[in-house]
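Numbering (numbering that gives the first Met the number 0), first residue to last: 0 to 102.
Calculated from the structure, these hints are not laboratory results.
Certain hints may be false.
When the alpha-carbon atoms are kept at most 25 angstroms apart in a straight line, the in silico SDA-like pairs for lysine to any residue are as follows [what the hints assert, rightly or not]:
1. Lys22 to Ser55
2. Lys81 to Val68
3. Lys86 to Arg57
4. Lys28 to Trp12
5. Lys22 to Asp64
6. Lys47 to Gly74
7. Lys47 to Arg67
8. Lys28 to Arg67
9. Lys8 to Gly56
10. Lys29 to Phe69
11. Lys47 to Phe98
12. Lys22 to Pro42
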Amino acid sequence: MATYRIDFKEIEWESPMEGIRQKVYKSEKKQLRLVEYTPSMEPHWCEKGHYGFILSGRFEIEFSDGTRVFESGEGVFIPPGKKHRHKGRVFEDTVVALFVEDI
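Take these sequences, add in the hints, and give me the full structure.
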């Protein structure tokens, strides 16, 4: 019987780079990422698409046409591609976000 539940308590934290740790659940063509960002994250340009929700904290994201601030309780929709490249910055202790992504 399928459980339809993702138990993030059972998934190990991984750290793809300094200042970021995440728990990743993968299923076929999608993945669900629970991500913690800290101020030690090195700002870097990203061209991947992100669809998600800010669970806690305040995240500043720079785009080619300006900077936007995302706060707890807000959704994030960034299409993939160079046109939408972005660079995140954390100004508080930790930002926690949940993303659904294509793999």
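Pairwise hint evaluation, glycine 74 against lysine 47, where the allowed Cα distance is 25 angstroms at most: Distance of about 16 angstroms is within 25 angstroms: holds.
Proposed proximity, tryptophan 12 with lysine 28 (alpha carbon, max 25 angstroms): 21 angstroms, holds
Restraint check for lysine 28 with arginine 67, where alpha carbons must lie at most 25 angstroms apart: 29 angstroms, violated
Given hint aspartate 64 paired with lysine 22 - CA-CA distance at most 25 angstroms: Violated, at roughly 31 angstroms.
Restraint check for lysine 81 with valine 68, where alpha carbons must lie at most 25 angstroms apart: 20 angstroms, holds
Given pair status - serine 55, lysine 22, alpha carbons within 25 angstroms: Measuring from Cα to Cα gives roughly 16 angstroms; hence the hint holds.
Restraint status (C-alpha distance of lysine 8 to glycine 56 at most 25 angstroms): 21 angstroms, holds
Pair hint outcome, lysine 22 versus proline 42 [Cα-Cα no greater than 25 angstroms]: Answer holds: lysine 22 to proline 42 is near 20 angstroms, not above 25 angstroms.
25 angstroms Cα cutoff - pair lysine 86, arginine 57: 14 angstroms, holds
Distance restraint between lysine 47 and arginine 67, which requires alpha-carbon spacing of 25 angstroms or less: 17 angstroms, holds
Given hint phenylalanine 69 paired with lysine 29 - CA-CA distance at most 25 angstroms: Roughly 23 angstroms between the alpha carbons, so the hint for lysine 29 and phenylalanine 69 holds.
Pair hint outcome, lysine 47 versus phenylalanine 98 [Cα-Cα no greater than 25 angstroms]: 12 angstroms, holds
Checked against the numbered hints above, the structure breaks hints 5, 8 and satisfies the rest.
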